[in-house]
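**Q** Protein sequence lines correspond, in order, to chains A and B. The numbering of the first sequence is my numbering, which starts it at 35 and goes up by one. The numbering of the second sequence is my numbering, which starts it at 1497 and goes up by one.
Hints listed in this document are in silico derivations from the structure and should not be mistaken for laboratory results. Take these hints with a grain of salt, some might be off.
[Said to hold, decoys possible] To spell it out: a stretch of chain A is covered by chain B in this simulated footprint if at least three of its residues, at any positions, have a beta carbon under 8 Å from a beta carbon of chain B; those stretches are:
| id | stretch |
| --- | --- |
| 1 | 67-76 |
| 2 | 86-98 |
| 3 | 101-108 |
| 4 | 113-127 |
[Said to hold, decoys possible] Restraint ranges, calculated between C-beta atoms of paired labels, are given here:
| id | chain 1 | residue 1 | chain 2 | residue 2 | range |
| --- | --- | --- | --- | --- | --- |
| 5 | A | L56 | B | L1977 | 42 to 50 Å |
| 6 | A | A57 | B | V1780 | 45 to 53 Å |
| 7 | B | M1969 | A | A100 | 20 to 28 Å |
| 8 | B | F1940 | A | D129 | 43 to 51 Å |
| 9 | B | L1974 | A | R120 | 36 to 44 Å |
| 10 | A | L130 | B | R1505 | 48 to 56 Å |
| 11 | B | S1859 | A | A57 | 35 to 43 Å |
| 12 | A | R58 | B | R1566 | 40 to 48 Å |
[Claimed, not checked] Anything over 12 Å on all C-beta distances counts as not near chain A; from chain B, calculated:
| id | residue |
| --- | --- |
| 13 | A1514 |
| 14 | G1604 |
| 15 | R1801 |
Quick caveat, the model's predicted, so the values are computed rather than measured. Cβ coordinates follow ideal geometry from the N, Cα and C atoms, glycine included.
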Amino acid sequence: MLLNQFLILGAVLFAIGVYGVLARRNGVMVLMSIELMLNAVNINLVAFGVQHGVVSGQVFAVFVIAVAAAEVGVGLAIVLLLYRNRRSINVEDFDLMRG
Amino acid sequence: MDVLLAFTRPSLDWHALAPELTLLAFGTLITIVDIIWDERSKQAMPTLAGMGLLATLVPILTLAVDGTERSMFGGAYVVDDFSLVLKALFLISGYVVVLMSVDYIRDGDYYENEYYTLMLTSLLGMVMMSSSRDLISVFVALELLSIPAYMLAAWRKGGPRSNEAGLKYYLMGVFASAVMLYGMSLVYGLAGATSFDAIAQELGSGPSNPVAVLGILFVLIGFAFKVSAVPFHTWAPDTYEGAPTPVTAFLAVASKTAGMVALIQLVFVAFLGREDVIQPFFWVISALTMTVGNLIALRQTNIVRLLAYSGIAQGGFMLVPFAVAADAPARAIEAVVIYLAIYAFMNLGAFTVVLAVARKTRSGEIDSYGGLFRYAPGLAVAMTVFLAALAGIPPAGGWFAKFGLFRALLDAGGGWAAGLAVVVAVNTVIAFAYYARVLTQMWFQPVADGDDRPIVVTGALGAALTVTLLATMAFGVLPGLVGHFGEVSVLSALGG
Chain A
35 MLLNQFLILG AVLFAIGVYG VLARRNGVMV LMSIELMLNA VNINLVAFGV
85 QHGVVSGQVF AVFVIAVAAA EVGVGLAIVL LLYRNRRSIN VEDFDLMRG
Chain B
1497 MDVLLAFTRP SLDWHALAPE LTLLAFGTLI TIVDIIWDER SKQAMPTLAG
1547 MGLLATLVPI LTLAVDGTER SMFGGAYVVD DFSLVLKALF LISGYVVVLM
1597 SVDYIRDGDY YENEYYTLML TSLLGMVMMS SSRDLISVFV ALELLSIPAY
1647 MLAAWRKGGP RSNEAGLKYY LMGVFASAVM LYGMSLVYGL AGATSFDAIA
1697 QELGSGPSNP VAVLGILFVL IGFAFKVSAV PFHTWAPDTY EGAPTPVTAF
1747 LAVASKTAGM VALIQLVFVA FLGREDVIQP FFWVISALTM TVGNLIALRQ
1797 TNIVRLLAYS GIAQGGFMLV PFAVAADAPA RAIEAVVIYL AIYAFMNLGA
1847 FTVVLAVARK TRSGEIDSYG GLFRYAPGLA VAMTVFLAAL AGIPPAGGWF
1897 AKFGLFRALL DAGGGWAAGL AVVVAVNTVI AFAYYARVLT QMWFQPVADG
1947 DDRPIVVTGA LGAALTVTLL ATMAFGVLPG LVGHFGEVSV LSALGG
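Throw the hints in and build the complete structure from the sequences for me.
**A** The structure is reproduced here in structure tokens:
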């Protein structure tokens, strides 16, 4: 079983995703990085599911895919809203309030 | 794959699902009414949403009277006393938030129908969360409650602050759920199953495994974002300030409660055997959250930001019992549930007063509360009760919540628990300083701008104030009331 290879692929994708979220300033690129993280999770889930010989991993992955689609829909709507009001999708420009 | 062939349709217990179905039906009904009658139906929307929430309490009561523990989908969805108590808490908080929203949303000319539909959807996610005992159902419930909340935070479409609040909440929320999911995938990989019972069996025994530690930490960090625990709290103050105030109250109370409920189930059912991970993690994070939240709250000049940071600090208090989860599990769950119930009412009450005052002053600055007692004595007294409750001064409810924390820590015993008790005590004193600042403004300072026209409290806001005030005082004077629910909820959560 090639479990290790799948897990390493998942870990690398996840790390790239985290880097993208933290380093990218373009709102759409941040959303795509989050997608990378979620797909790393899917690879893990399916690989583990096959290794254990149960379908629950694949079922979980299907749920993750469906929810990710809904999430990105809302995310793009929010980015679009910001673009309309501020003419920018650079996440660093939105600093009216400082935590 | 034999597993696929062996599939049989799971049996559905309609009675157990009745609360969720009622809530779903009312959410759909609001949408349909909106499509058919459009503008003319606007007035009826808050009534319809409120009725939906109250109607959902009926099946919860019948389930509570019935009293049997119901488990569906191979233990993924459990209806027991613990879940019923929390479902009722979510619905009542939701009802108070609807009362708070009525005038705010109507005056602001926001999209009323969609607002209430999304709020009911988010509450549906919370109601499901309290029954979820499986990684998949926890995940679905979490997203069902979060995704509508992202939209609610950005509700003022034209307002740049509200947009920004929505963006920050969304990015942090989605990032946190991705981290949590990665942790879940590792936990699933080790346990080979998604149900909490199976995870507890697989992870609970044996030597420490680095992958298990990583998985558990990632899952807990994901939820630490949700309950805005330090150092994962940075979204909270900005989102709270920018979002419409009723939505802020909703996020600060209902959404935080849902995150805590998920943590209770994960920590006390799935991860309890891994005390070497959970106890140090929660010790550090609760001490940090209380202290940082309180220290930053001291410097705030805006009442909503003050309540946001005070809410972060209160979240830190709620995380305290998790640090002794394995040593005194029953007491710890009881302490968290009691804290959640009392916190919901005192915090919603404080936000209601903020809303009522802002209708006149149009300001969120603490300075604008100067001389509130002269022109709005009722609101000033109510705010005093809520702030006293938040600070933990006896006649009002909050003291019993703090008492529960100390009881859990004392039951656990040992040096670490005693150390945390000291941190809690110090923080209670710090918190008193900034609540007292608002009190001094209201009672002893001159009226801001010399404008001492009285404040008109609308019917809905008055009702919200009455409910929260009665509950806060009742919990303070008759702590046995909430203590009973706390005790009831413990037994089943641990047994399950």
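**Q** Kindly indicate which numbered hints from before are broken by the structure, ordering the numbers from low to high.
**A** Violated: hints 6, 7, 8, 9 and 15.
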